[in-house]
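Asker: Protein sequence lines, in the order shown, are assigned to chains A and B. Under the working numbering, think of the first position of the first sequence as 1, with each following residue one higher. Under the working numbering, think of the first position of the second sequence as 384, with each following residue one higher.
A portion of the hints provided could be inaccurate.
Below, in silico cross-link-like pairs of lysine to aspartate or glutamate (EDC-like), each with a Cα-Cα straight-line distance of 20 angstroms or less [claimed, not checked]: (1) A:LYS71 x A:ASP294; (2) A:LYS242 x A:GLU262; (3) B:LYS625 x B:GLU733; (4) B:LYS625 x A:ASP294; (5) A:LYS242 x B:GLU761; (6) B:LYS694 x B:ASP735.
Between beta-carbon pairs, the in silico distance windows are [what the hints assert, rightly or not]: (7) A:GLY208 x B:ARG494: 45 to 51 angstroms; (8) B:ARG750 x A:ALA304: 51 to 57 angstroms; (9) A:ARG331 x B:ALA691: 44 to 50 angstroms; (10) A:SER252 x B:ASP747: 37 to 43 angstroms; (11) A:ALA304 x B:ARG599: 23 to 29 angstroms; (12) B:GLN596 x A:VAL15: 30 to 36 angstroms; (13) B:LYS454 x A:GLY20: 48 to 54 angstroms; (14) B:GLY627 x A:GLN13: 37 to 43 angstroms; (15) B:GLY528 x A:ARG216: 46 to 52 angstroms; (16) A:ASN300 x B:ASN726: 48 to 54 angstroms; (17) A:GLY208 x B:ARG414: 43 to 49 angstroms; (18) B:LYS454 x A:ASP352: 38 to 44 angstroms; (19) B:ARG424 x A:SER252: 51 to 57 angstroms.
Where chain B lies over chain A, by a calculated footprint (3+ residues, C-beta under 8 angstroms) [as the list claims (entries may be wrong)]: (20) 38–51; (21) 151–163.
Treat the hints as calculated values from the structure; they're not laboratory data. All C-beta atoms in this analysis are idealised placements derived from N, C-alpha and C, irrespective of residue type, glycine included.
2 protein chains.
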Amino acid sequence: MEQVLSPLAIAHQHVVFEEGLALDCGVHLPRLTVAYRTYGRLDAARANAVLVCHALTGDQYVAETHPLTGKPGWWEVLVGPGRAIDTERYFVISANVLGGCMGSSGPRSPRGEEGDGQALWGTDFPPITIRDMVRAQRRLIAHLGIERLFAVIGGSMGGMQVLEWAATYPDAVFAAIPIATAAHHSAQNIAFHEVGRQAIFADPDWQGGRYWQSGRTPARGLAVARMVAHITYLSEQALTRKFGRRVRAGSSVLGPYSDIFEVESYLQHQGSSFVHRFDANSYLAITRAMDYFDLAAEHNDDLASAFAGTKTRFCLVSFSSDWLFPTSESRALVRALNRAAANVSFVEIETDKGHDAFLLDEPDLARALSGFLAGCAEHARLA
Amino acid sequence: MEQVLSPLAIAHQHVVFEEGLALDCGVHLPRLTVAYRTYGRLDAARANAVLVCHALTGDQYVAETHPLTGKPGWWEVLVGPGRAIDTERYFVISANVLGGCMGSSGPRSPRGEEGDGQALWGTDFPPITIRDMVRAQRRLIAHLGIERLFAVIGGSMGGMQVLEWAATYPDAVFAAIPIATAAHHSAQNIAFHEVGRQAIFADPDWQGGRYWQSGRTPARGLAVARMVAHITYLSEQALTRKFGRRVRAGSSVLGPYSDIFEVESYLQHQGSSFVHRFDANSYLAITRAMDYFDLAAEHNDDLASAFAGTKTRFCLVSFSSDWLFPTSESRALVRALNRAAANVSFVEIETDKGHDAFLLDEPDLARALSGFLAGCAEHARLA
Numbered sequence: 001m002e003q004v005l006s007p008l009a010i011a012h013q014h015v016v017f018e019e020g021l022a023l024d025c026g027v028h029l030p031r032l033t034v035a036y037r038t039y040g041r042l043d044a045a046r047a048n049a050v051l052v053c054h055a056l057t058g059d060q061y062v063a064e065t066h067p068l069t070g071k072p073g074w075w076e077v078l079v080g081p082g083r084a085i086d087t088e089r090y091f092v093i094s095a096n097v098l099g100g101c102m103g104s105s106g107p108r109s110p111r112g113e114e115g116d117g118q119a120l121w122g123t124d125f126p127p128i129t130i131r132d133m134v135r136a137q138r139r140l141i142a143h144l145g146i147e148r149l150f151a152v153i154g155g156s157m158g159g160m161q162v163l164e165w166a167a168t169y170p171d172a173v174f175a176a177i178p179i180a181t182a183a184h185h186s187a188q189n190i191a192f193h194e195v196g197r198q199a200i201f202a203d204p205d206w207q208g209g210r211y212w213q214s215g216r217t218p219a220r221g222l223a224v225a226r227m228v229a230h231i232t233y234l235s236e237q238a239l240t241r242k243f244g245r246r247v248r249a250g251s252s253v254l255g256p257y258s259d260i261f262e263v264e265s266y267l268q269h270q271g272s273s274f275v276h277r278f279d280a281n282s283y284l285a286i287t288r289a290m291d292y293f294d295l296a297a298e299h300n301d302d303l304a305s306a307f308a309g310t311k312t313r314f315c316l317v318s319f320s321s322d323w324l325f326p327t328s329e330s331r332a333l334v335r336a337l338n339r340a341a342a343n344v345s346f347v348e349i350e351t352d353k354g355h356d357a358f359l360l361d362e363p364d365l366a367r368a369l370s371g372f373l374a375g376c377a378e379h380a381r382l383a
Numbered sequence: 384m385e386q387v388l389s390p391l392a393i394a395h396q397h398v399v400f401e402e403g404l405a406l407d408c409g410v411h412l413p414r415l416t417v418a419y420r421t422y423g424r425l426d427a428a429r430a431n432a433v434l435v436c437h438a439l440t441g442d443q444y445v446a447e448t449h450p451l452t453g454k455p456g457w458w459e460v461l462v463g464p465g466r467a468i469d470t471e472r473y474f475v476i477s478a479n480v481l482g483g484c485m486g487s488s489g490p491r492s493p494r495g496e497e498g499d500g501q502a503l504w505g506t507d508f509p510p511i512t513i514r515d516m517v518r519a520q521r522r523l524i525a526h527l528g529i530e531r532l533f534a535v536i537g538g539s540m541g542g543m544q545v546l547e548w549a550a551t552y553p554d555a556v557f558a559a560i561p562i563a564t565a566a567h568h569s570a571q572n573i574a575f576h577e578v579g580r581q582a583i584f585a586d587p588d589w590q591g592g593r594y595w596q597s598g599r600t601p602a603r604g605l606a607v608a609r610m611v612a613h614i615t616y617l618s619e620q621a622l623t624r625k626f627g628r629r630v631r632a633g634s635s636v637l638g639p640y641s642d643i644f645e646v647e648s649y650l651q652h653q654g655s656s657f658v659h660r661f662d663a664n665s666y667l668a669i670t671r672a673m674d675y676f677d678l679a680a681e682h683n684d685d686l687a688s689a690f691a692g693t694k695t696r697f698c699l700v701s702f703s704s705d706w707l708f709p710t711s712e713s714r715a716l717v718r719a720l721n722r723a724a725a726n727v728s729f730v731e732i733e734t735d736k737g738h739d740a741f742l743l744d745e746p747d748l749a750r751a752l753s754g755f756l757a758g759c760a761e762h763a764r765l766a
C-alpha cells in the first residue's frame with residue numbers, strides 16, 4: 001500500500017458558484033464547486049485557452065506533481081513548456097469533473113445546505129451526465145473571462161466531454177480533439193462498468209454509500225472495479241508483451257493460492273494503489289455518466305445533427321489496438337461529422353498499447369496534436 | 384434468485400478409487416472420486432466411446448436435465464440420439480473434473496482420511512492441473528473397461544483436456560476435437576480470472592475458504608467473478624445485438640443507482656443464478672488449473688513435441704468472434720501439429736456469438752463434428 005495524504009486534507013484551487021447548476025436529471029444542484037488548475041498565460045485577446053478534459057479516474061492535475069500520490073501529472077508527456085500542448089503558447093485549463101473527488105462538487109463533497117461539514121453527499125449526489133460536467137466547465141471558463149476556447153482536448157471520457165462541448169457550445173470551441181472515444185458506450189462497455197459497480201456494492205464496507213460516516217471505505221470492492229477496468233485499458237498484445245506468463249520471483253506455479261503470475265500482482269497493485277486516491281461513490285457516479293452518454297440520443301437519434309452547422313475544426317484520434325473505444329467508433333463520428341459538412345481530420349495511430357495509449361508517451365499522438373493545433377492557430381490568427 | 388436443490392443433497396453417480404491419485408503438485412490425493420454420466424451403449428469391441436470434457440463451470444450432465452437447476456444438459460444441442468455426437472452410435476462419457484463441485488473430488492468434497500463427514504477440503508484441496516484432471520478421467524475410462532477412446536471432445540477448458548489427453552495418452556485417443564481453446568492461457572486470460580478470484584477473496588463470507596463451516600458462502604464475490612467471466616464469453620457484437628443500449632422496462636436513465644440497462648440485469652442474473660450451482664473454492668481451483676495450463680512448457684517449450692509421433696486425428700474448431708480463445712490460438716496449435724506431421728483439420732466458424740458459440744445451437748459446429756466423426760468412424764472401422 002502506498003503512503004498518501006488523506007484525500008480530505010487537501011485544499012484544491014476552486015471556484016464556487018452559489019447559484020448552483022440545473023442538472024439533466026431535473027435536480028438543481030444548490031451550490032456548484034469547480035476545482036481546477038491552469039498552466040501558461042492567457043493572452044491579451046483571451047484567445048489561447050485550451051481546455052483539457054480528464055478521463056474517468058483522472059483529475060485537474062494534468063501537468064504538475066499530483067498532491068495525493070506525488071506522481072507526475074497524468075498528461076505531463078503532452079502538456080508543458082515546449083510539449084505538444086505547449087504551455088508557453090497556450091493557456092491550459094483543466095477542471096475536476098462534476099461528480100469527481102478532487103475538489104469539484106461530487107459524492108465526496110459536503111451537502112452545503114445542511115450546514116454540517118461532516119455530512120457528505122454520498123450516493124444522494126444527484127445522477128449526472130457528461131453534459132452536466134460540460135456545463136460546470138462552461139461556468140469555470142466564463143469565470144476565467146474566456147468566451148471562446150481555442151481548443152478542447154480529451155481522451156476516453158475526456159473525449160466524450162470534447163464532443164459534448166462541440167455539440168452544446170459550438171461557438172465556444174474553435175478546435176476540438178476527441179481522442180480514443182465514442183458517441184456512446186457500447187453494451188460491452190456498460191457491462192464492464194456494471195461489474196465494477198457490483199464489486200463495490202458487494203463490499204459490506206460500502207454500507208449503502210454512507211461509508212464516510214464509519215471511516216471504513218469499500219476499498220476491496222473498488223480495487224476489484226479498478227482491476228477489471230484496467231484490463232480493458234490495455235490490449236491483449238500489451239499484456240502479453242509486458243507480462244506474458246512470467247511467474248513472480250519467489251513464487252511457483254502450484255504453490256498456495258496467492259498471486260503467482262506477474263500480471264496478477266501488477267493488477268493487484270493497480271487496484272490497491274487506486275483506492276487511496278479515489279472515492280467509490282464518485283466511481284459509481286462517473287461510470288454511470290459514461291454509460292448514460294449518448295450524443296445521438298440527445299439529438300433525435302441523429303448523430304450528424306449534433307454537429308449541424310458547426311464551424312469547429314475537429315481532429316479525431318484512435319489507436320489501432322484500443323478495444324474499449326475501437327477505431328470503428330471514431331469512424332462513426334467522422335462519418336457523422338462529414339454528414340454535417342464539418343471540418344474534420346482523423347488519425348488512427350498504430351500501436352499495441354490499447355486504450356491506455358492516449359496517456360502514454362506516444363510520439364505519433366504528440367505529432368498529431370501539435371500539428372493540428374499549429375494549423376488551427378494559424379487559422380485562428382493566434383499570436 | 385432461482386429455487387434450486389442444495390448442492391450437497393444430490394447423490395451423483397460416481398466411482399471411488401481408494402488408491403488415490405498422484406498430482407502434479409507432488410501431493411498424493413488419498414482418495415479419488417470421479418462423478419460421471421454415460422449416454423448410449425458401449426459396443427462389443429469397446430471401440431465407440433466418446434469422452435466429452437466440460438468447461439470451467441460445466442459438469443457431467445451433458446445430455447440430460449441438470450439435477451440442480453432443472454435445465455437441459457449443457458450440450459444437449461450436440462449430444463443425443465441423432466445429434467452430431469450421436470448416442471445411438473457412440474457411447475458418450477462425461478466426468479465432473481477433478482476440483483469440480485458436482486461429485487468428483489474437489490474443494491467441496493470431504494477429506495476422507497479425517498473420517499468426519501462435515502470436514503470438507505475447502506482451500507486445503509491441493510492445487511490441480513489440467514493433466515491431473517485428465518489422469519482422473521483416465522482412471523474412469525479404465526474402470527469402464529475402455530482402453531482406447533474413439534474420440535475426446537471439448538470446448539474451452541474442455542479443449543485443454545482434449546489436448547492434454549492427446550499429448551499424455553496418444554495411444555488411447557483415436558480422434559481429438561479441441562474446440563475454442565489454446566495451448567496456454569494468455570496474460571489477458573489470466574488477468575480476467577484473477578479479477579474473479581480477487582472478487583471472491585474480497586467477499587468477507589469467503590472466510591479464508593472455510594465458509595462451509597459457517598453456512599455463509601461468498602455468493603456476492605462469486606457472482607461478480609461470474610459476471611466478468613461472462614462478458615469474456617460473449618462478443619462485443621453479440622452484446623450489442625442482444626441488448627444494445629436498451630433500458631429496462633420501468634427503468635429510466637438518471638434514475639436511482641440500480642440496473643438501468645438490460646445488459647446490466649442480464650449480467651446480474653448470470654451472476655446470481657450461478658452461485659446456487661457452483662462452489663467458490665472450486666472456481667478458484669479450476670481457474671488456477673486453466674491459468675497453469677501450458678502444454679509447450681510441459682514439453683521443453685516445444686509445442687510440436689507434445690504431439691511427436693502422434694497417430695491421433697485432430698479436428699480443431701474456432702469461432703471468428705471468440706476473443707477469449709481467438710482463432711490465432713487454434714492456428715498456433717495447427718502449426719504445431721503440422722510440425723509434428725499430425726493428421727489435422729481445422730475449421731474457423733463464422734459467427735458473432737463469441738466464445739459461447741461452442742455451447743450454442745450452431746449448425747456449422749454440428750456439421751463439422753458429425754462430418755469429422757463419421758470420417759474417423761470409417762477409418763476406425765467402427766460398426
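Asker: For the range 43 to 49 angstroms, tell me whether the beta carbons of GLY208 of chain A and ARG414 of chain B fit it or not.
Answerer: Holds, since GLY208 of chain A and ARG414 of chain B (Cβ atoms, about 46 angstroms apart) stay within the stated range.
Asker: Between LYS625 of chain B and ASP294 of chain A, is the straight-line Cα distance small enough, at 20 angstroms or below?
Answerer: Within the cut-off at roughly 18 angstroms; holds.
Asker: Is it true that the C-beta distance of ARG331 of chain A to ALA691 of chain B lies inside 44 to 50 angstroms, as the hint says?
Answerer: holds, 47 angstroms
Asker: Holds or violated: the region 151–163 of chain A covered by chain B, criterion of 3 or more residues with Cβ-Cβ distance under 8 angstroms?
Answerer: With 0 residues in contact (Cβ-Cβ under 8 angstroms with chain B), the coverage given for the region 151–163 of chain A is violated.
Asker: LYS625 of chain B and GLU733 of chain B: Cα distance at most 20 angstroms?
Answerer: This hinted pair holds, its Cα atoms lying about 18 angstroms apart.
Asker: How does the Cβ-Cβ distance of ASN300 of chain A and ASN726 of chain B compare with 48 to 54 angstroms: does it lie in that range?
Answerer: violated, 59 angstroms
Asker: Within 38 to 44 angstroms or not, the Cβ separation of LYS454 of chain B and ASP352 of chain A?
Answerer: holds, 41 angstroms
Asker: Cβ-Cβ distance between SER252 of chain A and ASP747 of chain B: within 37 to 43 angstroms?
Answerer: holds, 42 angstroms
Asker: Between GLY528 of chain B and ARG216 of chain A, does the C-beta distance stay in 46 to 52 angstroms?
Answerer: At roughly 60 angstroms between Cβ atoms, ARG216 of chain A and GLY528 of chain B fall outside 46 to 52 angstroms, so the hint is violated.
Asker: Could you check the hint for me, namely that ALA304 of chain A and ARG599 of chain B are 23 to 29 angstroms apart, CB to CB?
Answerer: violated, 54 angstroms
Asker: Decide if the proposed pair is consistent with the structure: LYS242 of chain A and GLU761 of chain B, CA atoms, cutoff 20 angstroms inclusive.
Answerer: violated, 48 angstroms
Asker: Starting from the range 51 to 57 angstroms, see whether the pair ARG750 of chain B and ALA304 of chain A falls in it by beta-carbon distance.
Answerer: With Cβ atoms ~44 angstroms apart, the hint is violated.
The structure does not agree with the numbered hints 1, 5, 6, 7, 8, 11, 12, 15, 16, 19, 20, 21 stated previously, though it agrees with the rest.
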